[in-house]
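Starting from the known structure of chain L, fit chain S onto it as the hints suggest.
Chains as they are written, first to last, in the working numbering: chain L, 1 to 200; chain S, 1 to 200.
If you are wondering where the hints come from, they were derived from the structure by calculation, not from laboratory data. Since we're looking at a predicted model, the values are computed, not measured. Built from N, CA and C at the ideal position, the CB exists for glycine as well. One or more of the hints may lead you astray.
Partial pick of chain L residues on the chain S-facing surface, computed with a CB cut under 10 Å [said to hold, decoys possible]:
| # | residue |
| --- | --- |
| 1 | TYR30 |
| 2 | CYS104 |
| 3 | ARG193 |
| 4 | LEU195 |
Straight-line alpha carbon distances no greater than 27 Å define the calculated DSSO-like cross-link-like pairs of lysine-lysine that follow [as the list claims (entries may be wrong)]:
| # | chain 1 | residue 1 | chain 2 | residue 2 |
| --- | --- | --- | --- | --- |
| 5 | L | LYS46 | L | LYS154 |
| 6 | L | LYS46 | S | LYS46 |
| 7 | L | LYS107 | L | LYS154 |
| 8 | S | LYS154 | L | LYS46 |
| 9 | S | LYS60 | L | LYS60 |
| 10 | S | LYS154 | S | LYS107 |
| 11 | S | LYS154 | S | LYS46 |
| 12 | L | LYS60 | S | LYS154 |
| 13 | L | LYS60 | L | LYS46 |
| 14 | S | LYS46 | S | LYS60 |
2 protein chains.
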Amino acid sequence: MPQPILFYFEFASPYGYLASIQIDDIASRYGREAMWKPIMLGAALKRTGSQPLAHVPIKKDYFLHDIQRCARLLDVPLRLPPVMPMNSLAASRAFWWLQDRNPCLAKRLARALYRAHWGEGRDLSAPEQVAEVAATLGIDSEELIAAVQDPAVKARLREETEASLELGVFGSPFVIVDGEPFWGADRLEQMERWLATGGW
Amino acid sequence: MPQPILFYFEFASPYGYLASIQIDDIASRYGREAMWKPIMLGAALKRTGSQPLAHVPIKKDYFLHDIQRCARLLDVPLRLPPVMPMNSLAASRAFWWLQDRNPCLAKRLARALYRAHWGEGRDLSAPEQVAEVAATLGIDSEELIAAVQDPAVKARLREETEASLELGVFGSPFVIVDGEPFWGADRLEQMERWLATGGW
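The following block holds chain L by itself, in its conformation from the complex:
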């Protein structure tokens, strides 16, 4: 069986959102599965001495323009959230908590969270806000709010983030195909070509 495609992303990253809309379709065209892996990008930004795009003078203005232009081109809904970057701890922990119980539901939750945050511009910094989105998928809010404070769930996210750093992940989205790294929503085309050809 072919290896899954590793899809690393940060919920607070709009380019991660744009990639999330496309990644499963691309993977399935080549008989692959995309394994979704939300991480806390702050840890990587610290290592590379970078700032979140929304905090970088000058670049910030371009970035806000660019994500809206890209979304229009892809015909994907995009509405700027009130806080950029939001604190994605609760969203990411909720994902990893579910991932170990029901991976399909975890992926559906990730889609719903991305859609709420970047498609509808809703803040998801608080566990209650994440729970509200999760509830639309039938996920129990009390269980979720308890889970995101569970030390084991916190550790799971920390370990996944650490493991991503070991693999050289420094941005969102970051896709690894059979060991080959692709950074950025604008590398999906090359990534697909890699899948189709096995490299060049």
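Coordinates of chain S only, in the frame set by chain L:
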């Protein structure tokens, strides 16, 4: 007459090199001219608090891998220069000196310098190294070496760099089409679509 496409780049930037190979062809498909504008990117990096890619931990390794992978895909020669980023003052000043006398020759010089630096891996930090490449186009070496120390030529490059910052240029390549900004060699496709459609 349609406005020219403004093509901002830094000679020390490999993504600028990759774009330089494609920009004139794209422009001419839409009856446009690409106006080449080398700048000193260091000034922009200072404003955005960024480092040259070759100095950024972790990201640097990806970047070296990525530019070689992109070059293979585009079938463009690429050989890593001994110093990254090189000091591009002499190259940039030589361009602006020529630009005011013979714009066609200036563009040919820019191509030759990019080819020598990124296609053949030659360092061009010293005026003599720039002059050596320029000589292959029949440009007098002594005149060039004197020109890159000329206060008027130095001021010309400074002014062009300042003007680019005013327009929001913060990276290389950076293309402006009828006021619409596109950053990165990986935005050329969107840039071409903008030319074809007038926006979306």
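Each hint, compared with the structure:
no.	hint	in the structure
1	TYR30	18 Å, violated
2	CYS104	31 Å, violated
3	ARG193	8 Å, holds
4	LEU195	14 Å, violated
5	L:LYS46 <-> L:LYS154	19 Å, holds
6	L:LYS46 <-> S:LYS46	18 Å, holds
7	L:LYS107 <-> L:LYS154	18 Å, holds
8	S:LYS154 <-> L:LYS46	37 Å, violated
9	S:LYS60 <-> L:LYS60	22 Å, holds
10	S:LYS154 <-> S:LYS107	18 Å, holds
11	S:LYS154 <-> S:LYS46	19 Å, holds
12	L:LYS60 <-> S:LYS154	30 Å, violated
13	L:LYS60 <-> L:LYS46	18 Å, holds
14	S:LYS46 <-> S:LYS60	18 Å, holds
This entry does not satisfy hints 1, 2, 4, 8, 12, going by the numbered hints stated previously.
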